[in-house]
Every structure is written in C-alpha cells, then in structure tokens.
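J.: Residue numbers (full-length UniProt numbering), protein chains in the order written: chain S, 1 to 348; chain Z, 1 to 348; chain R, 1 to 348; chain X, 1 to 348.
In case anyone wonders, no lab produced these hints; they're calculated from the structure. All values reported here derive from a predicted model rather than from experimental measurement. Keep in mind that the hints are not guaranteed to be accurate.
Pairs involving identical chains hold if they fit within one copy or between any two copies, as the list cannot separate such chains.
Unchecked claim - Pairs of lysine to aspartate or glutamate residues, derived as EDC-like cross-links and limited to a Cα-Cα distance of at most 20 angstroms, are as follows:
1) Lys-342 x Glu-26
2) Lys-188 x Asp-44
3) Lys-139 x Glu-125
4) Lys-342 x Asp-28
5) Lys-342 x Asp-54
Protein chains: 4
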Amino acid sequence: MIKVGIVGGTGYTGVELLRLLTQHPEVDVSVITSRSEAGIPVADMYPNLRGHLDLAFSEPDVDVLGACDAVFFATPHGVAHALAAPLLAQGTRVIDLSADFRIKDPQIWAHWYNQAHGAPELLPEAVYGLPEVNRNAIKDARLIAVPGCYPTAVQLGYLPLIRAGLIALDSLIADCKSGVSGAGRGAKVGSLLCEASESMKAYSMNGHRHLPEITQGLQEAAQSSVNLLFMPHLTPMIRGIHASLYATLTPEAQRMTLAELQAVFEQTYAQETFVDVMPLGSAPETRSVRGSNMCRIAVHRPQEGAHVCVLSVIDNLVKGASGQAVQNLNIMFGFAEDAGLKQVALLP
Amino acid sequence: MIKVGIVGGTGYTGVELLRLLTQHPEVDVSVITSRSEAGIPVADMYPNLRGHLDLAFSEPDVDVLGACDAVFFATPHGVAHALAAPLLAQGTRVIDLSADFRIKDPQIWAHWYNQAHGAPELLPEAVYGLPEVNRNAIKDARLIAVPGCYPTAVQLGYLPLIRAGLIALDSLIADCKSGVSGAGRGAKVGSLLCEASESMKAYSMNGHRHLPEITQGLQEAAQSSVNLLFMPHLTPMIRGIHASLYATLTPEAQRMTLAELQAVFEQTYAQETFVDVMPLGSAPETRSVRGSNMCRIAVHRPQEGAHVCVLSVIDNLVKGASGQAVQNLNIMFGFAEDAGLKQVALLP
Amino acid sequence: MIKVGIVGGTGYTGVELLRLLTQHPEVDVSVITSRSEAGIPVADMYPNLRGHLDLAFSEPDVDVLGACDAVFFATPHGVAHALAAPLLAQGTRVIDLSADFRIKDPQIWAHWYNQAHGAPELLPEAVYGLPEVNRNAIKDARLIAVPGCYPTAVQLGYLPLIRAGLIALDSLIADCKSGVSGAGRGAKVGSLLCEASESMKAYSMNGHRHLPEITQGLQEAAQSSVNLLFMPHLTPMIRGIHASLYATLTPEAQRMTLAELQAVFEQTYAQETFVDVMPLGSAPETRSVRGSNMCRIAVHRPQEGAHVCVLSVIDNLVKGASGQAVQNLNIMFGFAEDAGLKQVALLP
Amino acid sequence: MIKVGIVGGTGYTGVELLRLLTQHPEVDVSVITSRSEAGIPVADMYPNLRGHLDLAFSEPDVDVLGACDAVFFATPHGVAHALAAPLLAQGTRVIDLSADFRIKDPQIWAHWYNQAHGAPELLPEAVYGLPEVNRNAIKDARLIAVPGCYPTAVQLGYLPLIRAGLIALDSLIADCKSGVSGAGRGAKVGSLLCEASESMKAYSMNGHRHLPEITQGLQEAAQSSVNLLFMPHLTPMIRGIHASLYATLTPEAQRMTLAELQAVFEQTYAQETFVDVMPLGSAPETRSVRGSNMCRIAVHRPQEGAHVCVLSVIDNLVKGASGQAVQNLNIMFGFAEDAGLKQVALLP
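Whole structure, please, built from the sequences with the hints as guidance.
T.: Shown next as structure tokens:
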C-alpha cells in the first residue's frame, strides 16, 4: 500500500478521486487538504463517502504531504506551480489535475491563463499524462500533468488518423459537448439547474483554454502544424463529454473503405484497456462511460464523402480527470493499469 | 375568424398547434381528428388545454375537414399525400407539417422515405413554407410544406452567407443538437427518460431524412451544387435545436472583418419578425426561444481563422413545426404575421 | 394603459413578471430597478425578452417609481418594508411579492425572518393577495402581500375541506415538492445542476418560513387553531410545486362518498378562473400548469380509509408568484381577472 | 466461484445485476436468458458492459439454468411461478426479483396482480429477502423473494419505531418519490423523457401493488394490524427512491427527546452494513446512494410536535432490487455480505 495525499479535495475532481481511491487495492489516502473546510470530515460534505472514508480536511502542510508517496492536485491553476517543487524535493511524486504543467511553452500558458507561469523550471521534466501516448515516459515521471477533459476526448479521437497521415491538418473541426460538472462546483449563476438544464449553448466561442493544449498534442503527433477549430457546448447533464471530430480525408485516404479506416482505429488501440473502438456504425453514448475510465470511439464517413467524423465519448470526471490521474499513478508505481478502475459504467 | 382543422392532433406538433391556435385572435379550431382517440376530449389527453378547448378527437372525414378554411396535417409521412387533393378540391388550403411535400423531386423523396411518392402531381404547386425565403409564394399558395425542424435552423443560419457568396459550398458541416421531442410522442425505448436523459449521442450518422431537404434549400439559394455534412445529436432536454454551422470563408470573405459579416446577417434579417441576429459575441441558448417562434442567430469567426461558425437556435416544436405552420397561415390569410405568435419564451 | 414599475427585476419572479406584463393589454412597464445591474438593458440579461422590451435596469428612485400607478416588489424580504410607505404616500399601489407583509403578527414575522419588522404600521391595511379568499378586499387595497408559492398550493388544496368542516385540524400533513427555481437565481451551491438534478431531498425539515403563513391562512378559514406538519422537498426540475395534502376526515365526513367530497371542491371553485378541480381519479402533473396561472387540484381517499389526500399543483413562478401578482393587479384596477394571464401551459 | 444465471436479463434490474455481478469476486455469470433477444451479445444492448462481459442472451432452458448454483429472476410477475420449482428440484437456489413470492397469502396476491397465484405450494418456504429482518432465514433459504423498491425504503424507515412500539399503527402515511427507472425499460408513453421530465405527479393513488407487501412486513414487525396510506410519486430523475414516512408518536414517545429517537435508530442498525443512520438534522439525498446498495435514513420531529418523520433513501435498482438480490446471494452462500457491493455512490 502506498500513501497518497490530495490537495484541494472539495471540488468534483477531488470527490471523484476519493470515490476511486477508497476502492483502490494498493492505495491508502492519508491526507486531504482544503483551506476553507479544514477540520470538517470529508463525509460530511460528501455523504456518498460515509462508511468509506474516515478523514477530515486539513490545512495544506508541505511536510505532511511530503510524507506521501504521491500527491494529487485537484486545485485551480497556479496552486501546483507553488507546491510541486517542495514536494518533489521530498521525493513525493506529483500528479497535477490542473492545467499548470500541460502546456510546454510558458509564454503560451501565460497568454491563455492571464498570469505568469509560476514554475517554468519544472516544465522540462513534467510529463503529459495521456497514457495512450506517453506510457513509457509516465513510468519514470516524477511530475505528471493530467490532460484536460476535452483534450483527452479530442486527442484520442484524432490520433489514429493523424498518426496514419490520413487527414488534412489545416481544417480540423472539433464540436464538443460537455456536461455541467466540467464547470466545477463553484457557485456560478451559469451552472445553476435553472440556467443550465433544458437548454443548450456554445461557450468560449473565440478560444477555450483547452485549445492550445489540444493543438500541442496533435502537433506533436503530426510532427507538423495543425489548425483546429474547437467549439465547446454546455449540455444539460451532469457528466460526460461527447466530441464530434471532423476532418477532410487526404485524397489517398478517400480511396480507402470505411472498414479500412475502422481497422486503423482498432489497430491503434488494440492494446489499450481504456479505449474502446466500437463496431462500425456505432453511436457512442456518454452514459455508456458514466463513472468509468473508458473512452469509446466510433469512426464514420457520412455519405461516403470527403470528410471523416470521429465520435469520442468519456466521463469528464473519470477518463477526463480523476480516473486518468489514477491510471497515471498505476503506471508510475507499477500497479496493474486498471487497479481501482474496473468500475462498470452506471447505466441507466 | 376562419375555421381550421387539424388532422392527427395527438402528437407533440398537434398539441403545440392547439396551444398556439387557441390563443389566436383570428382562428377558430373546429375539428381535430385522430383515428385512435376518436371520441375522447382533447383536454383529457392534454390537461394543459383544460379550459381552453372544448373539443373531442373525431374520425377524419373529408367533408368535415373540407368545410374548414384551412387544414393542418400533423401526421406521419404519407397521410397528407392521400388527403390533400380532395381537400384542395373543396377549396380548403392545406398546411402540411409532415415531410410529404418538402422535397421537389419525387424520386429523391421515395429514396429517403422508402415508399413511392403518393401525390407527385401536387408537387409543382406545393410551396416550401419558409417565410424568410418564400413569403410571396406563400401568400398565394393553396398547399404549404412546412419545413422540418433541423432544415429551418440550418437554412436560416447559412442563408446570409450563401446569398452573399461568402463561403465555399463544397464543405459545409452542420453539427446539430436536438431535444427529445423531435422524436415525437411515440413509445420508443430510445426516447425514454432513463435512456435519453443524462446522456448525449449522435444518430443517423450516415444520413438523416432532413439532409436532402436542407441541401435542396441551400442549393436553391446558391443556384449551385452544395455539399453538406449533417450530423444530428440527441440532447437531454425536451425542446430546442442548436445548430452549429461551419463553413470555410472564401478568400475574399476572409478579408472581411467580423463586424462586416455581422452586418450581412443583420441586413438579411432586418425586416424579419422571427429571426433575431444577436449582438457580436453572443451564444444563443435554446431556452431563449423555448415556446416562442423566434430563431436566434449569432455569427462567429473563431481565432480569426478561415472558418466561420454560425450558431442558430429554435424551438423545434414552434419555429421548427407548429409556430412556423401558423406563421404560414397568417401570411396566406393576410393576418398580421405574428398573430397568435407573440409568446415570450419561457425562461427559466 | 396603466404605468407599472418593478423593483428588483433581476430574479426569476422579476423576469416572469416581465414575460407576463409585456403581453398584458392594459399595462405599460415603465421602470425596472436593480442596483447591481443599473444601466444594463433587461434583454441583455434575459434574451427571451429581446424584441419584447426595450428598457434598461435603473437605480431605484422613489419619485420615478411614485409616478407609476402600481409598483411590484420582486425583492428579498426587508426591501418593501422601507419603500412601501413613500410609494403609498404618492398614491402608487404596491404589490409585494416578498414576504414582508404576509404575516399579520410582526412578532411572528420577526421570529421567522430573524429581523425586526420594518413597517408594522402598514400591516393593518395590507391585504393577503389570495384572490380565491380575499377578492373583495383586494379590489380596494393599496398594499398587497402576494402569497408565497407553497402557501398558495397548500391553502387552495385544504380550503374546501376546512370551510366545510370535513377534516380534523390537529394533524394536517403537507408533503410538498418544489422545483429548483423556488430557490431563486442566487448562485448557491445547492442550486447547481450538478447538485440538484438527478436527486431528491427534503429541506427545512424543522420549519420552513412558509409554515406560519400557511397556518395563518388555514386558521383564518377554520376560525380555529390548526396544527400542520409542512415538509418541503427539492425536486429536480425548474418549475412547479406539487403539494400532497393529507388529513383525517371527521367521522361524519367518513360517511360521505368520494363523489360528495369531489362536489365540495367543485362547488368551492365553480366561479374561479384559475382553480381547476380535475375529474375524479386524476393525478395533476406540474407540467400541466407550467407557465400558466392555473392551480389544478384532485381529491382522493385512498383505500376508502379515514384519510383524504388532496393533490394540488401550481407553477411556483406564476400562480405561486408573478402570475398571482398580476391577477391581483387586474382585480385592483378593474381589468378582466385573466388579462395577460391566458397562456396555455407549455406541454411538453 | 459459483455459477449463476439470470432469467430475463434485458430490463434495468437485469443490466444492474450484471454491473454488480461482473465485479463480484466469487461469482461467474454463466447464462442470461431472453426470448426476445436470444443470440444477441449482451454488450450490444448494454455497451457499458463491453469489455466486462462476453456473453449472449439465450433462450431460457431449465437444464442450462439448473446447472447454475443460483438463478436470479429479473422478469415480469408470473414467470418465476412457473420456473422456480423445476430449478429448485435440480438443487439450484432461486432469487426472485419479481413480486411472485413476496406476498404470503396467495389470495391477496391474486387480488393485486389480477391472476391466480401460479405456485402457492412454494410460498411456505419462500423467504422474504430483507436481510435486516430475515438474515437467519435467508442463510438457509432455497427460494428468496427480493423485496420491492418502495417496500425496502419504507420498511427500513418504519421498523425501528414499530419494533420499539413508539408510534400509533392506525395512521401511517408514506409519501414516496421514485425515479422513472422504477417503471422499467418498457416503451410506455408515460416514461418518455418528454412526458416524465420537468414534471412531478402522484400515481396509483388508490392502491399500488407494493401496499400489501409493505403492510405485510410492518404487521409482522408489529405483530398487530397496521393501517398505511401509501402515496407514490413519479419524480423526474432516473434512479432513487425518497420515502417521507409520517407517524403519530405514542403519548409515551412524545415525551422522548429527538436524541432518544435517534438512538433507537442507531441501535437498530448498529450492525448493518447497508443501513446508514445519518446524524441528527440530516436530509438524505437520493444521489448519496446512487449506484450503491446503501439505505440512508434520518429521523425528524418537526416543530417538536406529535408526529415523527423518517426520511429514507435508496437506489431503487440497487438496494431496491439488484443489489439487495446480490446481498441475499452473499448471505445464502456464506460470502462477505458486501462482496461485490462496495461501490461508492456516484456523486455528482
């Protein structure tokens, strides 16, 4: 059993980490910090944990956290910048669910997050924690940047096509739909049931913070420049991301059959536990991954035209955040990659 | 006061017609037919109409219907094919909410609806009832084909760009999200609350019946061939369509400012009562049109790139069906175009 | 046309007043105040009003408000206490949607609202605006206390039984279910979609502020002491109150048939426009009144036992707040009681 | 590992059994029957099971089922009547999730289910599978009648009070709210998203089939006659039952403090893994048990009056059906009672 800590355990990614880690056979959660809730039992805030976790929130303390084998950050951006270095110095591995170490270029980070990067010296060793891309680097990493929710769904959907050179890179369009939990547990008017249910809308039309992260990942895969239009939409449900990913097939790829495109996807993910390429003709539903760490993908070529459309669904709080964080932990510590992550999605 | 009838009043477009027509200052609903519910008071099935309508469903009878000034068809496809001619012969105008007369080419209709067209001789005089395109023809029409829900939202969004020649016509992508009422009141497993709520999925990925209707309309506007990828998604809400419409700007259009694009939209719809071009930067929400006949549109150019994205929202049961049908009635009979259609959307 | 003003127009009862008043044939809305949003067009905050209202929020100003024939207060409690007197002094009638003048005893008010009553001198002339009880007093009133949402549904359900002396008054149990809009538009964690959807819970188990209001009304009807257990529940929907009202029939009443009980309800409300006694055996649905000013009621006697159960539904924002406020206005100014209130409920 | 079969695996209790059993450490699911879906892989119908279960539906076959150690019936009523005896004859234990063996008196069963009882000879040995009441009998049982969803929530809530003799038995009122999954996966209009979401209503006002089951259980606990008014309500959510249970305290019990009442509940369930008595003042939310086998209970005495109100929540598909079935299996086969049932509720 390893000891882990969680910084910022009051939000939705925090409680989701606890749901997963309290069932993990190799992990003991020994500390959860929250300045605002220090002293309050976690199960008072999250009654689903009653009987599963007997721990109270505590003030963040570097020494206490440094006694853990690994610490998760489920914090707003900026927090991990300050605390990662002292923890690493104590030999604690850091798995950051925030955006702090996702973007390799600190200038780009500063532009999108409206503040200077607080720990640029750590960027070279930070590993982008998308196991399907970086598994080997994750094994030896001390500092993991867990991918964002949209970036996970979008990259896993486009990667087979990009690696195989089957699509034009200058006109990708990712039309993405997210449940409201993506906006977090903050008390914002726009996240109220009366505002967000029974309605659909786009947001961040001119640039969402996940855009540079996605572009970075796709460009790395393509070894070339990529032009992506990313349009997120707020969807009236709690959990789930549905990415509808459009691209123009290259002239060569247009001569392929749909079965051949399907085979490209199946081969790409044949060894992956958490990517499920669905049968030809499938429409993956977000509820088919609710509460699970799975990403389900289907590839389509509507009307046998020049465009391909990849449908990719995840649970934003699991494969899009806390589950993927645990998957990284498993890889880092040599556990089975699905340890603590065997949940079947809750359906209905 | 004119007398109107409704054929097939038990579905959602039927009850929505009744909601609107019982408040219409110039209309008296005198007959509503339903074979399966004949004899049952309408308000027993739809208690929201208690106190507003004292009428029972009756067996369809051509003579009774023919005594009306106008008859609405809120029926599955095929029904209006059979009944339109005898009604027209009695001088009754026909406003068909089904797909029977939307497609000009009976071969194309037969291909998409899997049956022979039942009244090809009426197609030449059938008018496609999109008032923003065909207002003059509607005035004198005897037979109206009310547009489908997706086609309304998609065409109104693309038309300003197509008419102005600002976009490439070979790579349009319409990513559309619809509430579940679009699937009707039929008892289908996929429409159950436990199946369709808290989830998101695409459907009809390889070709939805609204595709040829949309293409026909856009080609007529363009006077040229149009290639559209249309991807509908089932969204966990009752009412609303959100169309996210992508296109590549022509090289000339790429030199325009966003304000200039906005002006194109504002000028196109300056005289329209039921199309609202929202201010620059807006994200129209479907709930802003819930229960109203409005279509709200915003135009975006993400990252100042080569693509334009138009966001277009309607209530699928109002501007996407019954409200638009009433708008057609108003135009045909010389009433104020917004008679009976002044409802403010229900928000929250 | 009379001129009306609204103090505190940014909340849900405010926008609902606007939805109703912009369609009212006798009313011109001339001023809407909001300290926080002063200067902002109302339609920027509530896009459903685009095209229906061309007015901006303004700072509250007694002289401007005093130029109105009537002013609605859609404010937190305490605000109307301060502003009612100066407005009345200018001859403006006041229709208060808050709780400020609902409780006749200022000590009881102070106990439940945790502050001293700010205008006890106005209590004697304040009229409790439940038209089905106080219509005559409303006609001549200068100051109306619009009933709360739960109190409206509960009183209308119990009144026929109490007036007829058919139930024991010492053991009433009102199990009530409310949509989330009852909690207002404030940014509270408990009202987030991710907290309140897909879940059900009771709240204010040991005493909700509507309890003394309901008890006062029932006691007035009974001319006797009443003991009520009132248990509100938060229900995952936007609008609607469903009150399930239990009582023990008196020995005499137990000898009545259900049809006789039904007749008591029908006679009580025979002349009422906005109370609909449904047929024997009915289960009123909240959606059957969504967006309308109707209260629908059904009376049951399960298993022919000693208990009666009355089911009473309203839209909390309409008959439970803004619609009832407009109904009061209509009575006060001699308009048709349903002027501006003829909307058919939005179903589905 | 024991071998288990499921008869009628296509409904919601069937897929929920599979979600639980595929994670159960001691169980191998070897057969799932469905006449209508025979031959179809289970994961084609329920994609959440892709990767977890490699089994197709098969025609029901007594010999194949009889080779199992235990067989679950997730069928409409009547099916287990016919199949239980031949399976028991082969030494297979039967765990019936339907209502077939819940009611001890076959005449009462026939009255409520409108058909003759098909296996009255098995009733004497059938054990009502509420572990908190019948654990010892379950250990040795061959035939288990798994309690209904409402009966589980209601009995667990009332039992401590009844056993301790603290309430009057002639006037119990159970106001219960259920998610729509309680109505099953059948394609019924009333279960459509467009009919059941955004609305609340009572149903079966004059007698729900769970009434005799609840009454039987309470009377057994009381060793006396019990009079219960049971009023179920359809709530716009997928999963969850919220029971609000009212009773009049005996004169002696009215002299007890609330803390003393609380102690009665805590002592009753001190040894129970799946009943959680929440702290004084709590409002259990159905989402706090979503996907888990827990029942959470809180006891209140509003206004320190004569009535007690117990709030009891379960997930209708888990503790109210499939989870409780697995709990019975665990007891019957000597496994840890929580084997396969350690899931933390999914929140948010």
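J.: Taking the hints in turn, state whether each one holds.
T.: The hints, checked one at a time:
1. When the C-alpha separation of Lys-342 and Glu-26 is checked against a cutoff of 20 angstroms, the pair qualifies both within a copy, at 14 angstroms, and between copies, at 16 angstroms.
2. For the identical chains of this complex, Lys-188 and Asp-44 are inter-copy neighbours only, at 18 angstroms across copies versus 22 angstroms inside a copy, given an alpha-carbon limit of 20 angstroms.
3. Taking the shortest alpha-carbon separations for Lys-139 and Glu-125, only the intra-copy value of 13 angstroms comes in at or below 20 angstroms, while the best inter-copy value is 57 angstroms.
4. In the homo-oligomer, the alpha carbons of Lys-342 and Asp-28 lie at most 20 angstroms apart both inside one protomer (18 angstroms) and across protomers (16 angstroms), since each shortest distance falls under that limit.
5. Within a single copy, Lys-342 and Asp-54 get their C-alpha atoms only as close as 23 angstroms, which misses the 20 angstroms cut-off; across copies the closest is 16 angstroms, which meets it.
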